[in-house]
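As they're listed, the protein sequences go chains V, H, R and F. Just so you know, we're using this note's numbering here: the first sequence kicks off at 1 and counts up by one. Just so you know, we're using this note's numbering here: the second sequence kicks off at 1 and counts up by one. Just so you know, we're using this note's numbering here: the third sequence kicks off at 1 and counts up by one. Just so you know, we're using this note's numbering here: the fourth sequence kicks off at 1 and counts up by one.
Keep in mind that the hints were calculated from the coordinates and are not lab data. These figures come from a predicted structure and were not determined experimentally. Take these hints with a grain of salt, some might be off.
Claimed, not checked - FRET-style restraints, in silico, Cβ to Cβ: (1) H:Asp221 <-> V:His165: 44 to 50 angstroms; (2) V:Pro28 <-> H:Asp134: 47 to 53 angstroms; (3) F:His165 <-> H:Thr130: 57 to 63 angstroms; (4) H:Asn109 <-> V:Thr137: 22 to 28 angstroms; (5) F:Gly164 <-> H:Gly85: 56 to 62 angstroms; (6) R:Thr303 <-> H:Glu145: 42 to 48 angstroms; (7) V:His165 <-> H:Gly47: 52 to 58 angstroms; (8) H:Ala107 <-> F:Gly304: 43 to 49 angstroms; (9) F:Arg15 <-> H:Ala285: 43 to 49 angstroms.
Every residue gets a Cβ at the ideal spot worked out from N, C-alpha and C, and that includes glycine.
Number of protein chains: 4
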Amino acid sequence: MDYQAVLEEVAAYARPLVRRGRVADYIPALERVSADRFGIAVADIHGAVHGVGDWEVPFSVQSISKAFSLALVMAQSPGSQGEDGIWKRVGREPSGTPFNSLVQLEAENGIPRNPFINAGALVVTDRLQTLTGDASTSMLDFLREESGNPDLAFDPAVAESEAGHGDRNAALAHFMASFGNLENPVPSVIEHYFWQCAIEMSCRDLAVAGGFLARHGLRADGSRLLEAREAKRINAVMLTCGTYDAAGEFAYRVGLPAKSGVGGGIIAVIPGRCTLCVWSPGLDARGNSVAGAAALDHFTTLTGWSVF
Amino acid sequence: MDYQAVLEEVAAYARPLVRRGRVADYIPALERVSADRFGIAVADIHGAVHGVGDWEVPFSVQSISKAFSLALVMAQSPGSQGEDGIWKRVGREPSGTPFNSLVQLEAENGIPRNPFINAGALVVTDRLQTLTGDASTSMLDFLREESGNPDLAFDPAVAESEAGHGDRNAALAHFMASFGNLENPVPSVIEHYFWQCAIEMSCRDLAVAGGFLARHGLRADGSRLLEAREAKRINAVMLTCGTYDAAGEFAYRVGLPAKSGVGGGIIAVIPGRCTLCVWSPGLDARGNSVAGAAALDHFTTLTGWSVF
Amino acid sequence: MDYQAVLEEVAAYARPLVRRGRVADYIPALERVSADRFGIAVADIHGAVHGVGDWEVPFSVQSISKAFSLALVMAQSPGSQGEDGIWKRVGREPSGTPFNSLVQLEAENGIPRNPFINAGALVVTDRLQTLTGDASTSMLDFLREESGNPDLAFDPAVAESEAGHGDRNAALAHFMASFGNLENPVPSVIEHYFWQCAIEMSCRDLAVAGGFLARHGLRADGSRLLEAREAKRINAVMLTCGTYDAAGEFAYRVGLPAKSGVGGGIIAVIPGRCTLCVWSPGLDARGNSVAGAAALDHFTTLTGWSVF
Amino acid sequence: MDYQAVLEEVAAYARPLVRRGRVADYIPALERVSADRFGIAVADIHGAVHGVGDWEVPFSVQSISKAFSLALVMAQSPGSQGEDGIWKRVGREPSGTPFNSLVQLEAENGIPRNPFINAGALVVTDRLQTLTGDASTSMLDFLREESGNPDLAFDPAVAESEAGHGDRNAALAHFMASFGNLENPVPSVIEHYFWQCAIEMSCRDLAVAGGFLARHGLRADGSRLLEAREAKRINAVMLTCGTYDAAGEFAYRVGLPAKSGVGGGIIAVIPGRCTLCVWSPGLDARGNSVAGAAALDHFTTLTGWSVF
């Protein structure tokens with residue numbers, strides 16, 4: 001596969017869609033990002049990396065961090081016990097309603113539907129906090145090491161900006177706490193969650209750091225982060241729940257496990273082959289990058305690769 | 001009307017139901033109250049007061065305070081403007097769902113259904129805080145004056161106990177704040193709300209203090225607290241929304257405007273005649289005093305008084 | 001009370017609002033009614049009747065029939081047994097959601113929230129069908145007798161028109177049948193329900209026929225239709241549930257038990273005094289007559305009569 | 001791959017779970033099936049078929065038919081136009097709520113969430129009825145031809161039994177009709193839907209007939225039923241929506257596109273390799289075969305095959 005040529009063609013296809021959609025504007029730090037950006041990178045399972053466009057420009061990972069926090073919780077709790085621990089507190093079903101919804105949380109006694117809605121990610125962060133003592137720094141450390149980029153950093157402006165607009169997440173966290181589903185104090189869980197979302201990474205960084213999902217759990221250095229079974233299961237959750245309440249549509253069009261963020265990034269996995277990351281800040285009504293989703297769709301059309 | 005005789009008969013009717021139901025146990029300070037208690041008092045519009053049983057024993061007013069905070073907000077903002085101010089931020093419709101529900105709040109953009117569900121009372125408290133600078137002390141001052149009992153006080157154990165179990169109310173408040181429906185900081189609103197609920201009053205105190213609802217807005221000293229129209233409207237909200245999601249059933253059986261609290265108290269109004277307060281801690285599944293509701297039901301049967 | 005003068009003043013107040021709102025247009029037979037109509041009638045408990053405007057023009061009673069079907073079911077099943085029979089199958093709580101909602105029906109196992117939402121009225125009609133063998137003719141017979149107008153009739157165009165647009169009511173009925181909450185075949189229940197709604201009556205007819213609600217259960221001829229307790233209870237259900245999901249607002253503004261219909265009519269009761277009926281076809285967003293509600297509001301302002 | 005050996009091992013693993021769960025009992029014709037049954041078959045893409053246990057015993061396909069009706073609608077409307085036609089009337093998102101729910105249907109204007117909940121399948125059947133003139137016979141004809149078994153037949157007892165308990169489906173259909181989302185009369189759509197569900201097939205028949213899903217759209221005879229893209233998309237919908245509201249859990253555990261039925265059957269697809277069908281009547285709380293799901297789980301463990 002001539003990845004470089006494919007990426008060029010994908011970029012040519014997607015570029016007319018750049019600026020479509022709407023840049024996330026609920027916090028000033030995100031709103032300032034130029035809508036013109038477009039980058040895509042692919043990291044194959046052997047370590048080769050290719051990219052086009054703004055593929056080396058850092059952006060705010062936002063909810064893409066949720067895939068990594070889930071992986072780290074699984075990695076920190078080896079064996080099925082670790083899995084059991086987290087899955088008693090968060091479900092694995094698509095949410096069927098917008099990603100911040102409190103309705104299901106109420107109907108289901110404070111157990112969020114899945115780890116990729118905000119409520120679920122707060123529970124995962126809470127667990128990671130208990131396991132590591134620092135849910136945001138431990139994630140940053142992992143991402144630096146796995147991406148091979150020691151310069152990865154938090155964007156404090158984004159983290160503080162989120163905190164200043166965090167009433168909805170505070171509501172979710174207090175609500176789950178009222179059901180006894182948080183181990184750590186609400187303010188600490190929320191803070192680490194915001195700092196995780198405020199990590200800045202490029203398409204290159206994310207494609208490389210997410211390589212273990214394509215390598216059935218093996219890290220870049222060949223050591224094992226997750227059992228093959230666990231890596232497959234994260235992919236399954238990404239496919240069914242990774243793109244907010246558009247997961248069914250995304251599976252239908254793209255057919256790949258993926259996790260998107262409101263920073264405009266999307267990572268996607270072709271198990272046994274490669275990990276992709278695409279970035280363009282314009283979002284559709286459901287919070288997924290318009291040009292990014294189109295690029296992944298075209299990538300699967302050109303390569304014929306799909307999990308189906 | 002020989003009130004004393006009627007109250008004796010009512011008490012005889014209701015006493016077998018005392019200990020039915022379940023004493024509120026979500027906070028230790030309430031749980032410690034004896035389930036055996038039963039008291040009832042009536043204050044007629046001319047100032048005469050009668051009572052039987054534990055009618056002079058103070059108990060935690062809890063949600064009964066919601067009727068007074070609504071009245072005080074109305075009284076503090078004379079004219080229809082005052083009314084308009086609060087009714088833009090809280091509705092007047094029965095909730096149709098359990099009293100802590102977040103569902104409607106989400107569907108209706110952070111506007112609570114009515115001022116007597118917790119979310120609505122938080123908005124009213126927030127408004128009272130803005131109007132008076134101290135939403136709990138101003139209420140206590142009013143209740144002391146209106147009841148003629150200068151010894152009324154907060155129960156700090158209850159207030160602190162609520163705060164220690166306040167995640168659900170914190171969730172509601174943060175959630176409304178995320179929609180821009182709070183004027184004051186969340187922690188301050190919650191704290192004043194808890195202190196309002198933690199006021200201790202007897203049946204006597206409450207029946208006397210609520211006299212203005214039967215006197216079409218006139219205070220005990222003859223001065224006007226509310227316009228007649230406003231007093232009638234509070235009664236209307238009490239009838240349609242005052243007894244959690246059992247308001248329809250309560251109107252059907254009892255036929256009087258009423259406001260209940262999980263401390264086991266219920267105040268009820270017979271416009272133009274008298275205000276009643278009954279207390280017995282055992283609650284039904286919807287949070288209303290079992291013996292208290294039966295007592296009010298029997299009172300209307302004996303007297304033939306009902307708004308219908 | 002000089003009713004005629006009051007009605008003139010009420011009409012003068014409400015007329016500028018005539019043509020406000022929107023005439024029901026979901027069936028052609030209703031859509032054809034002129035938006036200019038306005039009439040109001042009052043029947044006092046002694047049999048005197050007054051009216052102004054189009055108070056003698058027949059219109060489609062629509063949901064106002066629900067108050068009469070509930071009364072007839074109660075009347076047909078004397079004693080508390082009769083009450084028990086119907087209240088096991090339908091609740092007494094305000095719906096809190098739009099009047100056709102299937103949501104609560106699903107959550108609450110096919111038991112409608114109250115007898116005045118469509119689902120609840122279908123259950124009441126089903127019961128009346130079982131009790132009388134003909135739920136629509138028995139209602140027409142009663143209304144003819146009670147109004148003293150032997151010319152009352154169904155409007156076949158309306159009944160057939162409803163049937164042609166009846167998928168939503170068919171859905172409700174089949175859904176309740178799936179929970180075992182209908183005694184008669186779905187098509188027969190729906191048909192009788194549509195014919196009840198299609199009865200044509202004037203303000204005069206309705207105010208007179210509804211007199212038993214103001215007379216604590218006594219019919220025009222002095223015989224007893226309902227126990228006083230039962231009549232009060234129907235008034236309570238009207239106040240808490242009678243004006244679709246605007247019952248709280250209606251109680252707040254008007255303060256009277258009332259039942260509205262999408263034909264633009266509203267009956268209201270002042271217990272112990274009189275029964276009113278107002279008609280103007282323009283509806284607000286919740287299905288209640290705009291000029292009709294304003295007229296009742298002004299009537300209570302002028303007379304000072306309110307249940308509160 | 002020695003399929004026969006794998007199937008033997010899978011059967012040994014799953015057999016202890018046979019009789020777990022609960023045989024569907026909402027219609028007598030299903031309730032009579034022995035809970036002891038267990039069979040599994042695999043049809044590879046080259047036409048080889050293997051099976052163990054009761055793999056040649058016919059059972060009621062029930063909701064498995066939904067995968068075939070979707071495929072037939074797509075096949076009958078070549079090009080993207082065909083797709084567009086059906087996807088305007090039914091969504092592709094997981095339902096997030098129990099499979100018969102009316103809630104979402106109400107919130108989303110009569111557009112069912114996906115083609116595999118009952119409401120969605122009624123829409124697909126309605127479309128197939130329009131396209132073929134006979135939505136049930138055309139499906140039977142296709143299944144006979146594709147399975148190579150001309151003896152496939154409807155079970156009239158099941159179809160009639162469904163019709164006798166069909167109030168909930170009638171409610172769904174009338175409700176969608178009220179939104180204008182049905183082309184054919186409600187009774188005809190429901191009837192064809194019931195007959196589709198009442199087709200009897202064995203594991204062998206279903207694995208062979210579903211071969212086109214593993215062959216990227218090619219039929220057994222090599223002719224094209226669907227574009228590769230369309231076959232992949234049906235697999236995507238099966239993975240995200242195919243096992244009622246347990247689709248996330250199923251993807252997590254099994255990692256294969258699958259469609260289950262309350263008759264106890266499940267078909268699953270390994271794209272590019274084979275189609276599986278397993279049958280055991282005991283169902284879990286969500287309506288999926290207990291032993292069947294465990295068998296598929298173990299099959300993927302033994303073979304290492306998963307789409308992730």
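These are the hints, each one checked on the structure:
{"no.": "1", "hint": "H:Asp221 <-> V:His165: 44 to 50 angstroms", "verdict": "holds, 48 angstroms"}
{"no.": "2", "hint": "V:Pro28 <-> H:Asp134: 47 to 53 angstroms", "verdict": "violated, 34 angstroms"}
{"no.": "3", "hint": "F:His165 <-> H:Thr130: 57 to 63 angstroms", "verdict": "holds, 58 angstroms"}
{"no.": "4", "hint": "H:Asn109 <-> V:Thr137: 22 to 28 angstroms", "verdict": "violated, 37 angstroms"}
{"no.": "5", "hint": "F:Gly164 <-> H:Gly85: 56 to 62 angstroms", "verdict": "holds, 59 angstroms"}
{"no.": "6", "hint": "R:Thr303 <-> H:Glu145: 42 to 48 angstroms", "verdict": "violated, 34 angstroms"}
{"no.": "7", "hint": "V:His165 <-> H:Gly47: 52 to 58 angstroms", "verdict": "holds, 53 angstroms"}
{"no.": "8", "hint": "H:Ala107 <-> F:Gly304: 43 to 49 angstroms", "verdict": "holds, 46 angstroms"}
{"no.": "9", "hint": "F:Arg15 <-> H:Ala285: 43 to 49 angstroms", "verdict": "holds, 45 angstroms"}
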